[in-house]
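> Each chain, written out:
Protein chains: 2
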Amino acid sequence: MSEPLGIGLIGCGTVGSGVARLLTQESERLATRAGRSLVLRRVAVRDPSKPRAVTLPAEMVTTDIAAVVRDPAIPIVVELVGGTSLARTVVRDALAAGKHVVTANKALLAAHGPEIFAAARQAERTVCFEAAVAGGVPIIRALAESLAANQVTAIQGILNGTSNFILSAMSEKGMSYADALAQAQKLGYAEADPTLDVDGSDAAHKLAILAQIAFGVVAQPAEIERHGIDTIDALDVRYADELGYTVKLLAEAWAAERDSPTPTVALHVAPVLLRKTDMLAQVRGAFNAIQVVGDVVGETLYQGPGAGMMATASSVVADLIDLAVGRAQKTFAVANLWSGGTSRFSVVPSDKVRSRFYLRLLVRDLPGVLADVCQALADQEISISSVIQHEAVEGHPEQVVPLVIMTHTAETARMRDAIATIDRLAAIVTPAVHYSVDD
Amino acid sequence: MSEPLGIGLIGCGTVGSGVARLLTQESERLATRAGRSLVLRRVAVRDPSKPRAVTLPAEMVTTDIAAVVRDPAIPIVVELVGGTSLARTVVRDALAAGKHVVTANKALLAAHGPEIFAAARQAERTVCFEAAVAGGVPIIRALAESLAANQVTAIQGILNGTSNFILSAMSEKGMSYADALAQAQKLGYAEADPTLDVDGSDAAHKLAILAQIAFGVVAQPAEIERHGIDTIDALDVRYADELGYTVKLLAEAWAAERDSPTPTVALHVAPVLLRKTDMLAQVRGAFNAIQVVGDVVGETLYQGPGAGMMATASSVVADLIDLAVGRAQKTFAVANLWSGGTSRFSVVPSDKVRSRFYLRLLVRDLPGVLADVCQALADQEISISSVIQHEAVEGHPEQVVPLVIMTHTAETARMRDAIATIDRLAAIVTPAVHYSVDD
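Read top to bottom, the protein sequences are chains A and B. Take the first sequence: its position 305, counting from 1, is numbered 305 in the working numbering, and each next residue is one higher. Take the second sequence: its position 191, counting from 1, is numbered 191 in the working numbering, and each next residue is one higher.
Keep in mind the hints are simulated off the structure, nothing from the lab. Just to be clear, a hint being listed does not mean it is correct.
Because identical chains share one entry, a pair is satisfied inside a single copy or across any pair of copies.
Within a straight-line C-alpha distance of at most 35 angstroms, the following computed DSBU-like cross-link-like pairs (lysine-lysine) qualify [stated by the list, open to error]:
{"hint": "1", "residue 1": "K173", "residue 2": "K276"}
{"hint": "2", "residue 1": "K352", "residue 2": "K186"}
{"hint": "3", "residue 1": "K276", "residue 2": "K186"}
{"hint": "4", "residue 1": "K173", "residue 2": "K50"}
{"hint": "5", "residue 1": "K50", "residue 2": "K352"}
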């Protein structure tokens, strides 16, 4: 067995406490798996007096990040402070000091991947980040190693457990968005301020990372078309259900023009109607799941807890073991992530993305309305697959009926133009709602 | 980039053709992923004139296995001949000649794992076998690397696509076993002689491999309690459905007495009643899926095509890339598989395994029958959870009614004893049918 491997932990919140607990309480098991002891040497925190889910010797804890990062007995720094400001400094300093880095920070990688990976290559050190996407689900290894014989052609991910919990509650219990969110908060599945979860930002960060590995594209989160679940009406969840679909917040990346000499990849985070028989439609509660299609293997699926103290710690410690064994360094060298200019793919502008659509209108029950709506779609060469006029909805002063239209495949730009026209029709009561449909 | 890596292929049937196709047609992609070229140098086959799904230069093909295994320009031998006789010789000779080995041969590893891995350690060479379990699903890497921080506590796998296809057809279309098998054969999901698939042998081989990685136990396939789907009656599939369950052929390994100083692991391959809401219950058709519970991460699930030319080739080539990158050698060294005597776990005898049971009887509709059946269960201290007496079934000359009993958790030995008593009752028309129930 090789000599012990010293580890410094920066940040000891929920995940950090889980990592510290594993390293201190399962040291024998981890030594067997790693072929050497993994020794937690120092833990840097902002407030040493804060109660934590792990008890650490007082001399291990410090507020001096630099002392941990520069400690010669610490060849690996685990960054778990979160955010993109202090974390960026920690990671840069650790690499500059010749340390390998393990991080669970999706926002940091999504925003500063090129800079961080260039610094790592320059320092000849490795950055590991299994925990940054989908918590305990080993999706990074799946893409980077297990599917290495494949060109990935599509990724569909349920990457935000909070959103999935809320959508599941709306779908299974007929709850409103507000009630489902309140329940998620009560049960600890949503933060007091859930914005980054429910508006799709968190999923977009994760998608940017997956798209880099699978397609080599550097997509800034701001460039990813993004719609959250915070505007979803229980009405649409119910109508989708009646049509045989479940609404899921999906982070998707797929090769749009694969065989072109200049292939493109489409990216979006949005509520999508999935057939109820689809495996991803069955993913309930706070779980994460990712379907990956490879051109050799076909469809594969990876599922598990997307967050939580120990689930995420499981992935962080798997990275530590990979570094101790020496696998991670080899993967890092060949994967050449965020290296710039090496991808065959470019990101297709969101308005060029093609999809089927679910379109739901609330209209005054007047003659000619349906004809006008259909004409607006026809003018954009959008074919209609089905139309359902539902019973009048309650809560509206006048006679208002919901109209649900399923289209055939159409370009997003054309759909938007059609909707702009439809929203100007006199009979339209509220702006049209539309979602992509995956069949 | 390092120098090219020579590969010799022994056996070029379905999977071998897929591997050869990938190596020859996607060489640029694979070189990028592996950091060096993977070069197929020789292919040994029994009959060079046999039509194959890949076109190979005549000078590459030979019938001389030894010439390939001893070729100094070939550091990696891919064994795809199948079976446990010739394959065993090929693997031993390749290791003795100083070659790394990649194999998809589950039967070989299940029967001769200790011998093969000892030979590999002695030769300081690596054996890779991602393709041996669940085809394109990267379950070996998940267990050996991604979940390395965990003690696995349970594995539930749908590991035989043929059986799952047949059960899906029985469940979804109400088909009989014979009709569903005929359809599977027609569509190419079942062999002309489907015995090893439908009697659970194939799944037992795979389970033995997973149990070695997860628990360190060496279970000979013959020691694994094994029931196939070949005796399943459409009646039971229907009754299970009415109770809210789906029948799946599961290969299961779980820590039965985990916190004991001498912990045990239970192993079986059997048709099991799964709640319809369970993710594994949703796995339809020829797919494979494995749920793995880790004591740190919780429940994770891995799904994909369990067989097929390219899906399996995807896993074989992933192993080749891992060897080229140098990851596989490092994993092999620490994993220490089939090394003997290192497991904390022992295999619990099948009659000690505890489970809930579904018990279905066909009884003559006489007074006192139910009392006798309940007494037989009570005598073995088996509690009844529910009883349903169904309508009389057709096709029996006398008045015969099906009786379905769901029990609480009981020891298998006691259940068998109760059934022996029940089967001796005068009112029993056919031997009792029983399956485990996973809630």
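> Indicate, hint by hint, whether the structure satisfies it.
Going down the list of hints, with the structure as the test:
In this assembly of identical chains, K173 and K276 lie within 35 angstroms of each other by CA distance both inside one copy and across copies; the values are 16 angstroms within and 18 angstroms between. In this assembly of identical chains, the alpha carbons of K352 and K186 never lie at most 35 angstroms apart, being 40 angstroms within a copy and 42 angstroms across copies at closest. In the homo-oligomer, the alpha carbons of K276 and K186 lie at most 35 angstroms apart both inside one protomer (28 angstroms) and across protomers (28 angstroms), since each shortest distance falls under that limit. Within a single copy, K173 and K50 get their C-alpha atoms no closer than 38 angstroms, and across copies no closer than 59 angstroms, so neither meets the 35 angstroms cut-off.
Taking the closest pair of Cα atoms, K50 and K352 never come within 35 angstroms of each other, the shortest separation being 50 angstroms inside a single copy and 48 angstroms across copies.
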